[in-house]
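Participant: If you want the building blocks of each chain, they are given just below.
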Amino acid sequence: MVPKRHLWIALALTVIAAPVKAETIQVTIDKLVFSPATVEAKVGDTIEWVNKDMFAHTATVKGGWEVMIPPKKSASLTLKAAGAVDYFCRFHPNMKGHIAVAP
Amino acid sequence: MLIRHTAALAALLLLGTAPLAQAADKPTDPQIAHIAYTAGVIDVEAAKQALKKSKNKEVLAFAKDMVRDHEAVNVQALDLVKKLKVTPEDNATSKALTKAATEERAKLAKLKGAAFDKAYVDNEVAYHKQVDVALETLLIPSANNAELKSLLETGLKIFQGHEQHAEHVASMLK
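In the order they appear, the protein sequences are chains A and B. Sequential numbering of the first sequence, starting at 431, is according to this note's numbering. Sequential numbering of the second sequence, starting at 2, is according to this note's numbering.
Extracted from the complex, chain A is given alone in its bound form (with noise of 0.2 Å):
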């Protein structure tokens, strides 16, 4: 079962061949810090925000895009678009975090 998935997923890969193969960077919220608080990445990669609180916390983009991360869970993001931007936590706007996308 496994390999065979593999199999399907290498010949996915080959087929959509990005140059560079996408990353998952992980960002870890404890006690109301995003850390890192800057990240470096590319199109294509994959934000994924660790929550480790007992509160909600969001990651926002002013006018943008906006993640909703819950209690004990994470939840990701896939980079579209290059450039830099800053992000905060709706709920506690004190909370901030910034993401440098390269093309």
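By construction, these hints were calculated from the structure, which means they are not laboratory data. Careful, some of the hints might be misleading.
Computed spacing ranges between beta-carbons, pair by pair [unchecked claim]:
1. A:A532 to B:A115: 46 to 54 Å
2. A:T508 to B:K175: 35 to 43 Å
3. B:K58 to A:T468: 45 to 53 Å
C-beta: ideal position from N, C-alpha, C; glycine also.
Please arrange chain B on chain A, whose structure you already have, making use of the hints.
Facilitator: Okay, now just chain B, sitting in the frame of chain A:
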């Protein structure tokens, strides 16, 4: 409206401004736990009143956030006092906070619509701001137990975040 709150919190703040001169009045861990818990309960009760009275989407969303976060903090606080075998101890500061909050709710109960929304949110800004100062200058420096101190520090970040959130909601009501 805000003046009442300010006066009640003065008890907290006065101690904070002269921690050395009034070292004898430094709250103990059981008292700190009680004050912090009370501060959370007060905000949950204020939010529940808003949930009943307000029709404004922003205000309702904010009030729900307050209930959710402060209840979560207080669950952690109760778990911690149980673990540390500390019995939270009622004290003059907790009593003053509760009295002021009860009076504030009675005032807000008489308001309706936009007037209620504005008074509630303005009070939330002022209340969180003052709890921030009390946590920073009195409660955190006075806490002996490291775990209690750490929970208070998280509480401070929550209160500071809510203050900014409340300021944002206040700016939208204008």
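Participant: Could you run down the list of hints and mark each one as holding or not?
Facilitator: For each hint, the structure was consulted:
Separated by about 47 Å at the C-beta atoms, A532 of chain A and A115 of chain B satisfy the suggested range of 46 to 54 Å. Range check, T508 of chain A to K175 of chain B: Cβ separation about 37 Å, and the 35 to 43 Å hint holds. K58 of chain B and T468 of chain A have their C-beta atoms about 33 Å apart, which leaves the hinted 45 to 53 Å range violated.
This entry does not satisfy hint 3, going by the numbered hints stated previously; all others are met.
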